[in-house]
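Protein chains: 8
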Amino acid sequence: MNLQEVEQLLQAYKSGELGVADAARRIGDLSYEDIGHTRVDHARASRQGFPEVVFGEGKTRTQIVEIVVRLIARAPNVLVTRTDEATFGEVRNVVTDAEWHKAARLIRIRRDTTERGAGEIIIVTAGTSDIPIAEEAALTAETMGNRVSRVWDAGVAGIHRVLAERERLRAARVIVVVAGMEGALPSVVGGLVSVPVIAVPTSIGYGASFGGVAALLGMLNSCASNVTVVNIDNGFGAGFVASLINRNAAQ
Amino acid sequence: MNLQEVEQLLQAYKSGELGVADAARRIGDLSYEDIGHTRVDHARASRQGFPEVVFGEGKTRTQIVEIVVRLIARAPNVLVTRTDEATFGEVRNVVTDAEWHKAARLIRIRRDTTERGAGEIIIVTAGTSDIPIAEEAALTAETMGNRVSRVWDAGVAGIHRVLAERERLRAARVIVVVAGMEGALPSVVGGLVSVPVIAVPTSIGYGASFGGVAALLGMLNSCASNVTVVNIDNGFGAGFVASLINRNAAQ
Amino acid sequence: MNLQEVEQLLQAYKSGELGVADAARRIGDLSYEDIGHTRVDHARASRQGFPEVVFGEGKTRTQIVEIVVRLIARAPNVLVTRTDEATFGEVRNVVTDAEWHKAARLIRIRRDTTERGAGEIIIVTAGTSDIPIAEEAALTAETMGNRVSRVWDAGVAGIHRVLAERERLRAARVIVVVAGMEGALPSVVGGLVSVPVIAVPTSIGYGASFGGVAALLGMLNSCASNVTVVNIDNGFGAGFVASLINRNAAQ
Amino acid sequence: MNLQEVEQLLQAYKSGELGVADAARRIGDLSYEDIGHTRVDHARASRQGFPEVVFGEGKTRTQIVEIVVRLIARAPNVLVTRTDEATFGEVRNVVTDAEWHKAARLIRIRRDTTERGAGEIIIVTAGTSDIPIAEEAALTAETMGNRVSRVWDAGVAGIHRVLAERERLRAARVIVVVAGMEGALPSVVGGLVSVPVIAVPTSIGYGASFGGVAALLGMLNSCASNVTVVNIDNGFGAGFVASLINRNAAQ
Amino acid sequence: MNLQEVEQLLQAYKSGELGVADAARRIGDLSYEDIGHTRVDHARASRQGFPEVVFGEGKTRTQIVEIVVRLIARAPNVLVTRTDEATFGEVRNVVTDAEWHKAARLIRIRRDTTERGAGEIIIVTAGTSDIPIAEEAALTAETMGNRVSRVWDAGVAGIHRVLAERERLRAARVIVVVAGMEGALPSVVGGLVSVPVIAVPTSIGYGASFGGVAALLGMLNSCASNVTVVNIDNGFGAGFVASLINRNAAQ
Amino acid sequence: MNLQEVEQLLQAYKSGELGVADAARRIGDLSYEDIGHTRVDHARASRQGFPEVVFGEGKTRTQIVEIVVRLIARAPNVLVTRTDEATFGEVRNVVTDAEWHKAARLIRIRRDTTERGAGEIIIVTAGTSDIPIAEEAALTAETMGNRVSRVWDAGVAGIHRVLAERERLRAARVIVVVAGMEGALPSVVGGLVSVPVIAVPTSIGYGASFGGVAALLGMLNSCASNVTVVNIDNGFGAGFVASLINRNAAQ
Amino acid sequence: MNLQEVEQLLQAYKSGELGVADAARRIGDLSYEDIGHTRVDHARASRQGFPEVVFGEGKTRTQIVEIVVRLIARAPNVLVTRTDEATFGEVRNVVTDAEWHKAARLIRIRRDTTERGAGEIIIVTAGTSDIPIAEEAALTAETMGNRVSRVWDAGVAGIHRVLAERERLRAARVIVVVAGMEGALPSVVGGLVSVPVIAVPTSIGYGASFGGVAALLGMLNSCASNVTVVNIDNGFGAGFVASLINRNAAQ
Amino acid sequence: MNLQEVEQLLQAYKSGELGVADAARRIGDLSYEDIGHTRVDHARASRQGFPEVVFGEGKTRTQIVEIVVRLIARAPNVLVTRTDEATFGEVRNVVTDAEWHKAARLIRIRRDTTERGAGEIIIVTAGTSDIPIAEEAALTAETMGNRVSRVWDAGVAGIHRVLAERERLRAARVIVVVAGMEGALPSVVGGLVSVPVIAVPTSIGYGASFGGVAALLGMLNSCASNVTVVNIDNGFGAGFVASLINRNAAQ
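Residue numbers (numbering that gives the first Met the number 0), protein chains in the order written: chain A, 0 to 250; chain B, 0 to 250; chain C, 0 to 250; chain D, 0 to 250; chain E, 0 to 250; chain F, 0 to 250; chain G, 0 to 250; chain H, 0 to 250.
Source of the hints: derived by calculation from the structure; they are not laboratory data. Note that beta-carbon positions come from the ideal geometry of N, C-alpha and C, so glycine has one too. Hints may contain errors.
[Said to hold, decoys possible] With the Cβ distance kept under 7 Å, some of the chain D side facing chain C (calculated, not the full set):
(1) V68
(2) F209
(3) S224
[To be verified] Below 25 Å or equal to it, Euclidean Cα-Cα: the simulated PhoX-like pairs (lysine-lysine) are:
(4) B:K13 x G:K13
(5) D:K101 x A:K13
(6) C:K13 x F:K13
(7) E:K13 x H:K13
All chains should be modelled from the sequences, with the hints used to inform the complete structure.
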């Protein structure tokens, strides 16, 4: 929400130029736009430093296109996560510079490429199968103006693979670790560095991994004190918070 | 681990002054000290920016005193969490400037009070019963050199209580939100600000709260993108990560 | 069950006009009709104020058509929930004024449109994806003779969206809140109003939402005292109870 | 919150008599009082029709006494739930008309005994062991101005015990059913009546009852459409919502 | 296992006619036949009063046909549960009197129709959707030589439907109750009769029924003392045990 | 309920000797007695072949004594399960022939020792620690007029211990198997015999036994078709159903 | 990792022939090869006695082929588990001696058939449906140089089937037992022998088997002390550890 | 069971010297001794290489003493696990060379100290709090004739602590890893060595560790292929299997 516009409205109300009902409605308009099925939240950029990201699951293609059109009218960068190629087709019909990222199942429009982060964000995966979630995190962080490095397939059963990256990891501002199965990698990485580590459990695994619950519990119980956790397969969330931390550093 | 000491040892090894076994042992000594039951980890300060914190649960009083003595010999500040007043008594017998924090059940020795954080850390609780965990977070962050503000009892069922603190929250560098029961407060706070929010579920609640699981799940599934989560009742972890984020900002 | 008919049967029995077996059977006939696979429960209208609603899941199309035919012969309004368009086709072949509601996956026959509620029922959703369940609640309440308002996509991460509806919410007689993910919205709405709030957890979410369990637990542990809960995705149940509460008000 | 006081403050602000900061603070004061550990919520009566109830668990005796003193200064009736006799002793020292209800472990101050409900609330238990939770519900509803009837020990394994109460149940405005073990009673009661039934699972049971989870699941999955559920052992919540429903009826 | 054949083998061994290895093998042959993937258990008839039933899930069509052929060579009646119509086609190619029971997804060969039970077995369902599992129980009990009655759709939310069958239920020797959702019907039936009740939870339900877990827990925690439970959807097991109980009665 | 008394009441009603209200009340009196906290169920003997058993947990000593006094006034045998020695003392003050069974934590009054069962009931335990639950089953069955044999400590890890009892087991009418840990014994016993096996999981075990859940799941998933299951530690229920099965056999 | 190559590199570093960075990189190269999506771990043979096995699930066909090509270039034997026939087709295009094992869904390349084990490994299944998992174990152990025997369909409900194999089982060095449903077979086998038993729970079962959880819990709680457990359906892991145990025996 | 004694009995039976009943009983006597509450299993030494270990939990002191007396009469070494010092006092009254091991809560009688293992068993703990369980494993393995090394407090958050022990670990025949919290250490150790690793989850941890479930799941899902798992806190089982593996090596 543009605070100057709000102040003008408040002054108009105090001076009697606007009645209370009108003032309320117009302030409300500034912060979101009601398009029936969805309240498009234009205020989020001011509140969280980024336009609303569209979570694609559970929405129809038409709804997604409508929301993207509203968002891109006011913001330079938009992400649609958890979507499919057919939806991308419909989005590109109306927003021709939209890109499709297959592994991450993500639509991106990126018109502002200013670098905003002070340091580097490193994304690490335990295995090859964790890459799609890790890419969601990496693309989110890049779109939010950060330098991002990828370290794929560095799981703990071959500990020398992650130890080999020790120096690189220590140079990061913040690290995202993506792992399924037992979810042990964030603990090991956390013990090697002195920056925040964001752990993303994935639903990769079999048997008693219970769709990522084993990894989630492992990460929540990490004996490394610098680890926090996001939801199973929530690559977007990890990339988002990593960006906020890195941006802090820049200010 | 002091890197200069390590380099000297490496040169002594290369020049033949030290055999391989001797070199290895002396490098090892630099990083931890084996006192039988425990490997006291002096290297952690260099790796994580803080001396090892002693997790009191499951350790005998004698073990805790021994560990504290070794740590304080090399580091200015030490914390013992999840402990009791009797243990504090024994610690104070040998470390006279140790303090006892009753609500948080925490022993603190704080000889270095340099401020290291760039901004302010705010700790918020949903209810009165969440205060002990929140105090653990607050004391941890203060001991690590941060300015800390406390906002107690601002749960969502009386939403005006948290809205009243909106401006203050928006001025923070990082926010820790401590909540039991349904764990909804981090989502609301997360939606109000554009900085990282660390959510701490507490075991406060009854019936189907299952010792904090309801709050934990609520926080992991938060619809606010800037929320990450630590383990149930893990106030220390939240204060620790908040400090790392705030310190980043200062560098 | 028509109580006058029952009384007549009882008098016929006492006078000896009917033997005990005959009397029992005929009273039984009044209350349900056995059509082999199903006991069609005509008595439910007298017991619960509404004809039996047909829960479509797990029934064959033929069974559903047979049940609808029996019910509509004695009652003006009938609902079939959790069904599909092909079943609707077969129902309309024999009941030509049946309507198909796609989002809610619901067949409705509505011949009696008398308004019975004293106040307004408001249905609120946290997100766009919760709308199908919310529509099931709304259609149920409308069919039972209530005025219904819809407030879509007012989740807690943008708290101003629900605060903007505060006055409207306070004017309702009863509110149904439909939410997935962390299920926090009923707590916030509950804190804003002084009427009963019926919370419907939805299976919308991902990762550790466990098909609605996270939302369900959040709602059961709500710190707002005026919240009760129905089963996951049970929009029908919520609309039904809301109608009973609103009807009470009218008597 | 007294709306007239708020309007006066708003007019004072518009006229310039009060600056924006002052106006905000004074409106805030009207709605809650910050006493350090707790924000006492005087506004709740206007929002929910009843003063804040003090949930005793997890609060110290001193905290409870301080909160009660603040609340009773502005409201005629106060409840403290989940507390003990020693706390009651301290409360009575300062509030001499406080009463102790042993079975329900509840402190009550009741100065306003106006009847507000239009009909009768019936509380039913499945077994003798469920009585303490049922009493919490009954006392809450009575304190909120309702006529309350108690039907104890009417579980489904002797179905004639609940059938014997059929007529009485049908005369109620709203029914609360308290049951442990398999939690089947709300379904049976729900099928007998046409008013809302609020189900309270209790932690009574053994083996695979899992502290009330079996009863909770049974109630959530009830095949009776007029049943909603509150948390395990949450007698207070059930009595509270029953009062709101009954009050609606009276308006 | 034919005990006379075993005795003859033992005497042959004692007299020296058979060496120890030969004797062991031939006794083994009597009890099962190893056909590579499966040890066909001909001894089960003597141990349990019925030939081995083939559980179809997880076996290939060829394996099922091979097992059926071996079993029918020595036993008059064979059942294949959890199978499909295509498998039935292949079985009928070689066993022409095999029957297909669609609702129960069951193949039956029934050459011996002697009645063996002393009383009647009644199978009750709570709803229409529980019929497939109930049919599996009914067909099993009939094939084992019992008179079976079916009472469909008598769930507790319309308690008069089950009360109407009270006399019939009291005349049974053993009752099987099949129910999904909250699983309350066995408790009510159990309270009405003085014979054993076997409860079969079904996976029918939605939301927090968790594939039959809610019904299973309800039945395990039944307050009626004459209820025992079998696995979710295990109609076969219930029919089998009911037959053993009824047969006991006949001996 | 004595059916002759009921018939007399019904005739009195039909003849006009009794009004409808009086008739209902007196029929009700026959079936249970309301003593405030409890509805003592005298009808259960006619419905289930045994007087109501008092489940001691969650009842006060005074309540138990009052219930026992009412029951013993009309029935020769009474059991109180899950109680303690102090309660026994109070019961014996008023019912001098009450007995205390320490291992089973059970009070028994046994004035009628008629043998009613046709065959023998065998109770088997897997381990020494399962004996208390097994004794509850054995005492229940004995009190209900059955011959009972005990086979203690015959778990599957030393399979020869249970095989040694094979002949004895095969001579039983019904078998109760009590086991904790992995709960495998009922499957093995079930495979050896052709009578019903009632499995009782116990809460004996450690680690991932989860208070009997591992044993419960093992028993529900038994590959022996003649096994049904009761609740964890429910020795009483197992003894009760075993008695009903054995009694059937005798009729 | 070839230790001689490593020693040569270390000497080259000490002599100054190699700088520290070069030395580190070349040692790293010896231990794994980074091909973008995957770090192929050639060092595993030296660390664990076997080349890296490729877990097929979650990898694309192209990734699998690339990994196999790298591995087979340095190792004589390679396994790909959890894969499908189409992937096998692509692997065989480039590695013509690859074999497809349908039941176990496994690709094998086996160029070194040296026998390395000292004794025999026996694989036992409880049922016919467990064979695919058991074959994965058997093929793994054979590929690692062991003699393997298969005992299929020997579940506990027909205990004579496993007792008949007693002598054969006692002659093994190590036994793998594969079982679904209640998972009782490892306890029985464990009680018969004095060698290690590795238990593999399978997801075979229905109802409350919860995808193998019932079997897993049964095995973890085994009363036989010589049983250890691997993940649900993890035939590969069981065959791998059995090989390590048997190889130990040979050294 | 002494096989020579069994052969003599069999010959006596074949020659007619012993009747079938006598022969059976005397063979049975050889294998266990029935002392009422317990069947003391003297045959276990021949079956498993070690006398029956007494699991103390759930047994009375008198029972434990009786069992120990029977066992020590025929075997040189006996262990009682999960017991207390008072029980030890009673055991020592009759077996004067019994030892008490406080940390492990274990009574040991050790008269035979022959070394039977071929290599060394190493026991590793992640933290100081895991030592009691690890000691149970170590004492079990020592009593069974093995050389045992202890490596305490080597958790993954300070990965250099376990890397420092790499050479020592690689020299072991079998490794037991004891860890609570996230249970990641077995994966790291498993990746460093080529011998079997037995993982023991402990109930050490807090919050969402759920009494060891987090560690258990982490270990079951280990990405290291040489890891098998025993029950939570089952140090005895781990020490037992490690001994069997090491003994194999020696033969």
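Going through the hints against the structure:
1. The closest approach between the C-beta of V68 (chain D) and any C-beta of chain C is roughly 21 Å, which is over the 7 Å cut-off, so the hint fails.
2. Checking F209 (chain D) against chain C: minimum C-beta separation of about 14 Å lies over 7 Å; hint violated.
3. The criterion of a C-beta within 7 Å of any C-beta in chain C is met by S224 (chain D), whose closest approach is roughly 5 Å, and the hint holds.
4. With a C-alpha separation of about 6 Å, the suggested pairing of K13 (chain B) with K13 (chain G) holds against the 25 Å cut-off.
5. With a C-alpha separation of about 56 Å, the suggested pairing of K101 (chain D) with K13 (chain A) is violated against the 25 Å cut-off.
6. As the CA atoms of K13 (chain C) and K13 (chain F) are separated by approximately 6 Å, the hinted pair is consistent with the 25 Å bound.
7. Distance restraint check for K13 (chain E) and K13 (chain H): the Cα-Cα separation of roughly 6 Å lies within the 25 Å cut-off, and the hinted pair is therefore satisfied.
Checked against the numbered hints listed earlier, the structure breaks hints 1, 2 and 5; every other hint is satisfied.
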